[in-house]
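Given next are the chains, with one letter for each unit.
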Amino acid sequence: MLSFADNEMLTRTGEGTPMGTLFRRFWTPFLLSQELPEPDAPPVRVRVMGEDLVAFRDTRGRVGLVEPQCPHRGANLFWGRNEDNGLRCAFHGWKFDVEGRCVDMPCVPNGANYMKTIRLKSYEVEERGGMLWAYMGPPEAKPTFPAIEFTMLPASHVFVSKKLQECNWAQACEGGLDTAHFSYLHMAVSASEEEFMKTMSRADASQQFQRVKWMKDDGAPRFTIIAHDAGIVIGGARTADPGNTYWRISQFLMPNHGYTPNAFPGESYHGQTWIPIDDHSCWIYCYTWNPERPITEAERRKYAGGFAVHAEVDEKWIPIRNRSNDYLIDRVEQKHRSFTGITGVSEQDACIQDSQGWIADRTREHLGPTDMGVVQFRKLVLGAAKALAGGEEPKAAGAPQAYAVRCGGAITPDAVPLADVMTQRFGSPTGRYDAPSPQSTEGVAS
Amino acid sequence: MLSFADNEMLTRTGEGTPMGTLFRRFWTPFLLSQELPEPDAPPVRVRVMGEDLVAFRDTRGRVGLVEPQCPHRGANLFWGRNEDNGLRCAFHGWKFDVEGRCVDMPCVPNGANYMKTIRLKSYEVEERGGMLWAYMGPPEAKPTFPAIEFTMLPASHVFVSKKLQECNWAQACEGGLDTAHFSYLHMAVSASEEEFMKTMSRADASQQFQRVKWMKDDGAPRFTIIAHDAGIVIGGARTADPGNTYWRISQFLMPNHGYTPNAFPGESYHGQTWIPIDDHSCWIYCYTWNPERPITEAERRKYAGGFAVHAEVDEKWIPIRNRSNDYLIDRVEQKHRSFTGITGVSEQDACIQDSQGWIADRTREHLGPTDMGVVQFRKLVLGAAKALAGGEEPKAAGAPQAYAVRCGGAITPDAVPLADVMTQRFGSPTGRYDAPSPQSTEGVAS
Amino acid sequence: MLSFADNEMLTRTGEGTPMGTLFRRFWTPFLLSQELPEPDAPPVRVRVMGEDLVAFRDTRGRVGLVEPQCPHRGANLFWGRNEDNGLRCAFHGWKFDVEGRCVDMPCVPNGANYMKTIRLKSYEVEERGGMLWAYMGPPEAKPTFPAIEFTMLPASHVFVSKKLQECNWAQACEGGLDTAHFSYLHMAVSASEEEFMKTMSRADASQQFQRVKWMKDDGAPRFTIIAHDAGIVIGGARTADPGNTYWRISQFLMPNHGYTPNAFPGESYHGQTWIPIDDHSCWIYCYTWNPERPITEAERRKYAGGFAVHAEVDEKWIPIRNRSNDYLIDRVEQKHRSFTGITGVSEQDACIQDSQGWIADRTREHLGPTDMGVVQFRKLVLGAAKALAGGEEPKAAGAPQAYAVRCGGAITPDAVPLADVMTQRFGSPTGRYDAPSPQSTEGVAS
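Protein chains in written order, with our numbering: chain C, 1 to 446; chain W, 1 to 446; chain U, 1 to 446.
Each hint should be verified, as a subset may be incorrect.
[As the list claims (entries may be wrong)] Listed next, the stretches of chain U that the computed footprint assigns to chain C, with coverage defined by at least 3 CB atoms under 8 Å from CB atoms of chain C:
{"no.": "1", "segment": "45-52"}
{"no.": "2", "segment": "93-105"}
[Unchecked claim] Within a straight-line C-alpha distance of at most 27 Å, the following computed DSS-like cross-link-like pairs (lysine-lysine) qualify:
{"no.": "3", "chain 1": "W", "residue 1": "K121", "chain 2": "C", "residue 2": "K335"}
{"no.": "4", "chain 1": "W", "residue 1": "K142", "chain 2": "W", "residue 2": "K302"}
{"no.": "5", "chain 1": "U", "residue 1": "K142", "chain 2": "U", "residue 2": "K395"}
{"no.": "6", "chain 1": "U", "residue 1": "K316", "chain 2": "W", "residue 2": "K335"}
{"no.": "7", "chain 1": "W", "residue 1": "K316", "chain 2": "W", "residue 2": "K335"}
{"no.": "8", "chain 1": "U", "residue 1": "K216", "chain 2": "U", "residue 2": "K302"}
{"no.": "9", "chain 1": "W", "residue 1": "K395", "chain 2": "C", "residue 2": "K335"}
{"no.": "10", "chain 1": "C", "residue 1": "K116", "chain 2": "U", "residue 2": "K216"}
{"no.": "11", "chain 1": "U", "residue 1": "K116", "chain 2": "W", "residue 2": "K216"}
{"no.": "12", "chain 1": "C", "residue 1": "K302", "chain 2": "C", "residue 2": "K213"}
{"no.": "13", "chain 1": "C", "residue 1": "K121", "chain 2": "U", "residue 2": "K335"}
{"no.": "14", "chain 1": "U", "residue 1": "K116", "chain 2": "C", "residue 2": "K316"}
{"no.": "15", "chain 1": "U", "residue 1": "K121", "chain 2": "W", "residue 2": "K335"}
{"no.": "16", "chain 1": "W", "residue 1": "K379", "chain 2": "C", "residue 2": "K216"}
{"no.": "17", "chain 1": "W", "residue 1": "K395", "chain 2": "W", "residue 2": "K142"}
[As the list claims (entries may be wrong)] Derived Cβ-Cβ restraints for the label pairs, each shown as a range:
{"no.": "18", "chain 1": "U", "residue 1": "A389", "chain 2": "W", "residue 2": "A141", "range": "56 to 64 Å"}
{"no.": "19", "chain 1": "W", "residue 1": "R300", "chain 2": "U", "residue 2": "D84", "range": "38 to 46 Å"}
{"no.": "20", "chain 1": "C", "residue 1": "R300", "chain 2": "W", "residue 2": "R119", "range": "34 to 42 Å"}
{"no.": "21", "chain 1": "U", "residue 1": "D52", "chain 2": "W", "residue 2": "K335", "range": "52 to 60 Å"}
{"no.": "22", "chain 1": "U", "residue 1": "D217", "chain 2": "C", "residue 2": "N113", "range": "45 to 53 Å"}
{"no.": "23", "chain 1": "W", "residue 1": "F4", "chain 2": "U", "residue 2": "T117", "range": "37 to 45 Å"}
{"no.": "24", "chain 1": "W", "residue 1": "A141", "chain 2": "U", "residue 2": "R119", "range": "46 to 54 Å"}
{"no.": "25", "chain 1": "U", "residue 1": "V332", "chain 2": "W", "residue 2": "R300", "range": "56 to 64 Å"}
{"no.": "26", "chain 1": "W", "residue 1": "F4", "chain 2": "U", "residue 2": "G383", "range": "54 to 62 Å"}
{"no.": "27", "chain 1": "C", "residue 1": "W317", "chain 2": "W", "residue 2": "G391", "range": "29 to 37 Å"}
{"no.": "28", "chain 1": "C", "residue 1": "R300", "chain 2": "W", "residue 2": "R300", "range": "29 to 37 Å"}
{"no.": "29", "chain 1": "U", "residue 1": "G14", "chain 2": "W", "residue 2": "G391", "range": "44 to 52 Å"}
{"no.": "30", "chain 1": "W", "residue 1": "R300", "chain 2": "C", "residue 2": "V332", "range": "51 to 59 Å"}
{"no.": "31", "chain 1": "U", "residue 1": "R119", "chain 2": "W", "residue 2": "D229", "range": "37 to 45 Å"}
No lab work stands behind these hints: they were computed from the structure. Predicted, not measured: the structure shown is a model, and the values here were computed from it. Even glycine gets a Cβ: it sits at the ideal position worked out from N, Cα and C.
Extracted from the complex, chain C is given alone in its bound form:
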């Protein structure tokens, strides 16, 4: 439960808000690379944390992210011609480069000096892991790009997607960190094992009846949290076969990234990043990666059709099953086969998160022991926002290597503490692995 004031602080990310200011200290994905697929591709409208922007890729492949209104008469540059290393306004031909400089002003004779006084607001852009990232904060505070693993792998080892979520970013993020709900929200209820596993076929545990059964049978996992410089490890322990514990361990990385707890050794990892469009909706960037092998074509098709964190979306990345159509809930399916009657793990998450309201009211909650991850997430981001408001820069922004972490599932004898489980699996209690430095990223996915 939060105070009204803390709930406001957690959820508002517009310019000048404490959380918005914190978010703007980090690199922020704003498009998939494939949304600007080639040099001189059509410009794209972008809305990030309440700011309206336009993005374009110029003739040399560089990407600009600039304010949309032409300084001349205020026409929107989204309608502009993207030509010869600049975006030209369709009204009177003023032209701007990716850094927002005015480079042509054909309706003004001898406009060279006037031109120099005109500049669009623009944000620095990096292209990593199949996504376009902007830095929207003060230049002097710009951080080194963090060692988020999927951004450092070859494109062959990564699959990315995005999906619209029609509620505030924070409750969607909390849903991603709350691994207890798998025992309910994502669970099949069928009597036969065959039908049960068919109903679970879009969950990553789908091939592992045993794991799903442990989750179904133990709906009250015990949580342990381990803090590190980039975020927190959230470990949930369930009873497995006698004498053993089934661990599902996730990561939250500042300020808005979450990794899922599914991956056993050798399996692919999944993660999500929640980027506010405004305070009532967000884009969720979704990524699957495998440091050991390429993602196969069959897997890519499966993910693109809706699997694990990836939703089934239309050509504008809007989920097919969404708020406007009640997620195509099937009440007969709910009665006989699944807890929700809604198809898709991602869609089940979206439904329940949207149902908390456009902005969840955390002043009326009644939290319990399984909400420990959610509580720690709130403490972490609210603490960092308040600290920054007091002049203290966020530690995570200054610790790019601390992002080189992994997490996943494990089966251990009972009574092995989380720190030991992590150390055995990854070599460190925080999930830190021996990462290549971000400097050595040439030739990798972009």
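Dock chains W and U against the given chain C, drawing on the hints supplied.
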């Protein structure tokens, strides 16, 4: 004409408003029984007087009407599983019974004591006359269920429907009480009797050319009002054949029920109840009953297709001809065959009531003698709301037997006063008939 | 660039605003004549400068423009029956004539005296040039109808249309007066002359490759302004063949009319009038006229399909390519054939004007020499609005003959000043031609 303040008081029914407080002293229909057709049927979203609620029918057939947000994390219980005598939240499995008690909390180990501290707001529900009724007021003021006739008859003798109306409840209710407008709004204008009666085929007077003709020929009926403990009798007198008067007598019953003036002896009665969704829309519950005989299958089909108070609606009870499509007005039809060019008595009413605005502005009216029923309705409900605000409980809520009234049409010699007309027809000036007491309702429509 | 206060004054036209008060000193088109095609045609909803009204043509052909709410109970007269020289309310039959007088009150016995006290607000209407015009100001200030040329010609010589524009009137009007943008917004970019001219086929210059080439090659025309009693002449000079200047000269006429600069001698003239619906949208009335010959059927078909100022519209005069569908922009077309990728001169204008926002923010502009016409337009209308607020009636309203002006294109030797160009072409520096007086308009277009 009302003052601005009185117009506000008449039309606003949210929690804490004077009219909303008055309404909450009475039993309020919130769904048709058929919307929760069987035990463990899918839950249904309900919005009554600005309150968002969720309704469900449990395994034993009892109906709950509760606040929709799960106290745990605020997920909406509409998405819940309705199973084994309770509604279970789809997020983490908290479960609630029809009275709002938390009966399971599977994600909290040893949660039995915690569970007892958790309770949803819930309203008491009665099922009568094919409808579900809630009492939304303070428990100590709960009235005995009123002797509304259709709620006390066998299901075979009753037909019920509902329809969305896209304006404030009060102007819709006034339209129902204003019987003068039949001479205009619902009238055919065709020259030939055959075409005339075909155009009138959805009005209950359709088989009675004589009655329609009297209404057409006398567009300025003379009104008499008789007050009683549950409401008012509104009698409108028109010139019939020489020396005779055609009476059309309706009832308004506190705080939002109205009976139509059509029924001659042996004919079926119609009524409507106006339930605010919010201040800009309402559900109108419609009912036809015949105390003497069952409603036939042919009549049920006719009513379901749009007849008298019943609109032609889609599967969500939205009228096919509505505000968004200009009621499919046919201007050629209007020129040659009907006063409005709109098909359906109910739809003609809806059009003209909607056209008064989302909330009618009663400060600019110019009332005349035919508006006497409307004026008396306003006095009655405003008076009761003001009295209740001053601590005086509404008389009607304490007089359930006073609802056992009827009304209808009559032809009498001129100069017979309304009280005598009512006494001759029903045995009492107020339309009170010898009703079975509400205690003897076992085995009747539900 | 304007101050915030001046931008507000320029753009707001509701009742009581300075600009709204100024507009209400002039005749205002509110419908095309064809929208009320015959006596007793169906009434039509009208919204002008934020005022909701209803228009109807009575049995004798006269047109009424009245407030829509019936004074009796507030039902909307749009649903009324238009019969026998009056509009009859569908609720209880009150009837009103085109001047708003109540002429029948059938539900009130002996209502003759009561009737005299009831009157709808109504506006005086004139029918000219295939349009219906209202005077919405104080009666004592009513101006003589101005000598706008197309309103004084036979119907055969005129083509009229209208189109919805989804932004404030002033930026749409400015777009119409800004003739510099033709070199960009409306320009083809194809390499071959054949394809180039095909792309330009909806522009009036389409048959004149030379003119288009001059516009393409000189994107920084030099402007001269000549003021007169009804408005301003805006002359834009481009380099033509060596030693010659290509003039494109337009007219702005108070308070919201603009003529295009295309017409060479013998060619047809085009004009537009911007009428606010509210502050976020407007109807643009479009007209083409030729004082020397009838408009042919082939030309009418071409205009109706979208040509020059005329948009391609649906049966409700909504442009087919509009804000809601991104004007059906074709980015491949934009790359290879046209500056915008949008089909239609009018649609290109609409796109770029809408893109300035619902109301353009003129406080952030950076104007240049080609914006001289826009600057003078603002000075003129803001000056008149401020003067009127100070008690000075607008000069243009008192100078109906000053509207008898023309404008168009010309090729002259370099260094001939605008005043001489106008005098050579039209006989006067202001474009004034020898007009018939407005009194002699019988038998002309209506």
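The hints, checked one at a time:
1. Requiring three or more residues with a Cβ within less than 8 Å of a Cβ of chain C, the coverage given for the segment 45-52 of chain U is violated, as only 0 such residues are present.
2. Here the segment 93-105 of chain U counts 0 residues with a CB under 8 Å from a CB of chain C, which misses the bar of 3, and the coverage is violated.
3. For the suggested pair K121 of chain W and K335 of chain C, the alpha carbons sit about 25 Å apart, so the restraint of at most 27 Å is met.
4. Taking the CA atoms of K142 of chain W and K302 of chain W, the gap is near 37 Å; set against the 27 Å cutoff, the hint is violated.
5. At roughly 13 Å between alpha-carbon atoms, K142 of chain U and K395 of chain U fall within 27 Å of each other, so this suggested pair holds.
6. At roughly 22 Å between alpha-carbon atoms, K316 of chain U and K335 of chain W fall within 27 Å of each other, so this suggested pair holds.
7. About 32 Å separates the Cα atoms of K316 of chain W and K335 of chain W, which puts this hinted pair outside 27 Å; it is violated.
8. For the hint linking K216 of chain U to K302 of chain U, the alpha-carbon distance of about 24 Å falls within 27 Å, and the restraint holds.
9. With a C-alpha separation of about 46 Å, the suggested pair K395 of chain W and K335 of chain C falls outside the 27 Å cut-off, and the hint is violated.
10. Taking the CA atoms of K116 of chain C and K216 of chain U, the gap is near 25 Å; set against the 27 Å cutoff, the hint holds.
11. Pair hint K116 of chain U plus K216 of chain W holds up; C-alpha atoms about 25 Å apart against a cutoff of 27 Å.
12. The hinted pair formed by K302 of chain C and K213 of chain C meets the criterion: a straight-line CA distance of about 23 Å does not exceed 27 Å.
13. For the suggested pair K121 of chain C and K335 of chain U, the alpha carbons sit about 25 Å apart, so the restraint of at most 27 Å is met.
14. Taking the CA atoms of K116 of chain U and K316 of chain C, the gap is near 61 Å; set against the 27 Å cutoff, the hint is violated.
15. Between K121 of chain U and K335 of chain W the alpha-carbon distance is near 25 Å, which keeps this suggested pair within the 27 Å criterion.
16. A hinted pair counts as satisfied when its Cα atoms are at most 27 Å apart, and K379 of chain W with K216 of chain C does not qualify at roughly 61 Å.
17. Between K395 of chain W and K142 of chain W the alpha-carbon distance is near 13 Å, which keeps this suggested pair within the 27 Å criterion.
18. Distance hint for A389 of chain U and A141 of chain W: a CB-CB separation of about 58 Å, consistent with the stated range 56 to 64 Å.
19. At about 42 Å, the CB distance of R300 of chain W to D84 of chain U agrees with the hint of 38 to 46 Å.
20. Our hint of 34 to 42 Å for R300 of chain C and R119 of chain W is violated, since their Cβ atoms are close to 49 Å apart.
21. Distance hint check for D52 of chain U and K335 of chain W: the Cβ-Cβ separation is about 24 Å, which falls outside the suggested range of 52 to 60 Å.
22. Remark: the range hint 45 to 53 Å for D217 of chain U to N113 of chain C is contradicted by a beta-carbon distance near 24 Å.
23. For F4 of chain W paired with T117 of chain U, a C-beta distance near 22 Å fails the hint of 37 to 45 Å.
24. Checked against the hint of 46 to 54 Å, the C-beta distance between A141 of chain W and R119 of chain U comes to roughly 49 Å, which is consistent with it.
25. Checking the proposed 56 to 64 Å range against V332 of chain U and R300 of chain W shows it holds: the Cβ atoms sit about 59 Å from each other.
26. Checked against the hint of 54 to 62 Å, the C-beta distance between F4 of chain W and G383 of chain U comes to roughly 40 Å, which is inconsistent with it.
27. Between W317 of chain C and G391 of chain W the beta carbon distance is about 59 Å. The supplied range of 29 to 37 Å is therefore violated.
28. Distance hint check for R300 of chain C and R300 of chain W: the Cβ-Cβ separation is about 56 Å, which falls outside the suggested range of 29 to 37 Å.
29. Checked against the given bound of 44 to 52 Å, the beta carbons of G14 of chain U and G391 of chain W, roughly 45 Å apart, stay inside it.
30. Range check, R300 of chain W to V332 of chain C: about 27 Å between beta-carbon atoms, so the 51 to 59 Å window is missed.
31. For R119 of chain U paired with D229 of chain W, a C-beta distance near 43 Å keeps the hint of 37 to 45 Å intact.
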